[in-house]
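In order, the protein sequence lines correspond to chains Z and A. One point on numbering: in this note's numbering, the residue at position 165 of the first sequence is 165, and numbering is uninterrupted. One point on numbering: in this note's numbering, the residue at position 13 of the second sequence is 1013, and numbering is uninterrupted.
There may be inaccurate statements among the hints.
EDC-like mimics (lysine to aspartate or glutamate), calculated; alpha carbons at most 16 Å apart, straight line [as the list claims (entries may be wrong)]:
#, chain 1, residue 1, chain 2, residue 2
1, A, Lys-1086, A, Asp-1026
2, A, Lys-1086, A, Glu-1038
3, A, Lys-1034, A, Asp-1010
4, Z, Lys-181, Z, Asp-138
5, Z, Lys-181, A, Asp-1167
6, A, Lys-1106, A, Glu-1188
7, A, Lys-1178, Z, Glu-95
8, Z, Lys-172, Z, Glu-140
9, Z, Lys-172, A, Asp-1167
Treat the hints as calculated values from the structure; they're not laboratory data.
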Amino acid sequence: MKPLVSVLIVEPSEIIYNGLRTILEETGKYNVLSPRHDAANLEERLPVIRPDLLIVNPALLTSQPKHQLAEYCAVRPGMPVVALVYQYVELSFLEAFRFVIDIRMSRSMLLSTLTNALNSNVVEQDNDEQTENYELSDRETDVLVLVAKGLSSKEIADNLHISIHTVNSHRKNITHKTGIKSVAGLAVYAMLHNLIEDRDRG
Amino acid sequence: MFSQKMKLADLIEANHYIILLLSRFDIPLGFGDKSVREVCVANNVPVDFMLMICNVYTFDSYIPDEKEFERTDMSMLVPYLLASHKYYTFERLPHIESHLHHIADKIEPRYGDILKRFYADYRSEISAHFRCEEEMDFPNLISLQKGDRINMSVSSHFEESHGSLVDKLNDLTQIVYKYLPGNVLPEETMELVFDILQLSSDIQKHVLIEERILVPYMRWLERGLK
């Protein structure tokens, strides 16, 4: 059996909280934690409460909802945050959320929105695993070879017909993957990997 | 922060690197359980200055302010920096070189040569850097300390080249333990990596001393003469 999904609901109205809790608990998939009535110090509590899913009334957020949500994600990476709406909410607040449930939604629609929110997160985690590949890509290798030959970022951009911005982001990735920062160090890396000959050095 | 009443041995206990500083102040080992102040007085080292260096070496957030320059005997700054240069140039860098060459000689010559050349380039870069300081900045500082005006303003080359001195040493450790064939002299290779890492953090602190003490101190002296 799959473990229950712990849900934290941040909502001042007891009627709304109890209604939502009933719907969630009836599925047998959710474990609804004791509610919080406001969002004060929520970022400090999240690492302790450790919910898998956070449902929050956007009206409780401060004037910088995006910033606040980013903080929640930072302390509890991978936890989706869903807005719970039943009154007028300013657009800028609503836009900070990827998923929104409205109390006027049908039971099935509400549950499928929550499932989507939880799955979206699984997809993102998969992507994370894919980026945990520290081998240089073909394009990064092209850039590395030119760096090692002593070309500037501008020259590399012209050479490979890409923007200087792209070159710099490749260079950043190369350093991240190899741990080597200096051009001289990258030249040694390229030679040890037989990517360039000694005489190619600029 | 360290204070003069603390036991010198406790400073070293708190930050092992401080043991490397003693010879730069001509303080011999065997100081027993004496306080920083007692040891400094016995060896003619200005205690405030010695503490300033130890504090920069140990507390990343510590930046001495101008009031401290005013009340501190800074006469040992140049001798201290020269002693550090000497230690790097005549002890650590040759020591690392001999181990690096020993390892490079055991791998395929083509790769060994690349490694040797990287290190030779590094040594000439760092020597040029030290020379520039010894021939320009330190004499300028001595003139400023004597109250003489100097022609040029305090150079800004410190910030520019310091980063690369530390980066290249760190690159070298990465290359040595990640990309050289692993079956060649593994024990010696690990020792070499530790030696380079130790030198790298020492040079990093040396850079901090120049950036947080030498440069602001020279600017402060220069302003006082205007």
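Consistency of the hints with the structure:
no. : hint                    : in the structure
1   : A:Lys-1086 x A:Asp-1026 : 13 Å, holds
2   : A:Lys-1086 x A:Glu-1038 : 27 Å, violated
3   : A:Lys-1034 x A:Asp-1010 : 10 Å, holds
4   : Z:Lys-181 x Z:Asp-138   : 19 Å, violated
5   : Z:Lys-181 x A:Asp-1167  : 6 Å, holds
6   : A:Lys-1106 x A:Glu-1188 : 12 Å, holds
7   : A:Lys-1178 x Z:Glu-95   : 46 Å, violated
8   : Z:Lys-172 x Z:Glu-140   : 10 Å, holds
9   : Z:Lys-172 x A:Asp-1167  : 15 Å, holds
The structure shown violates the earlier hints numbered 2, 4 and 7.
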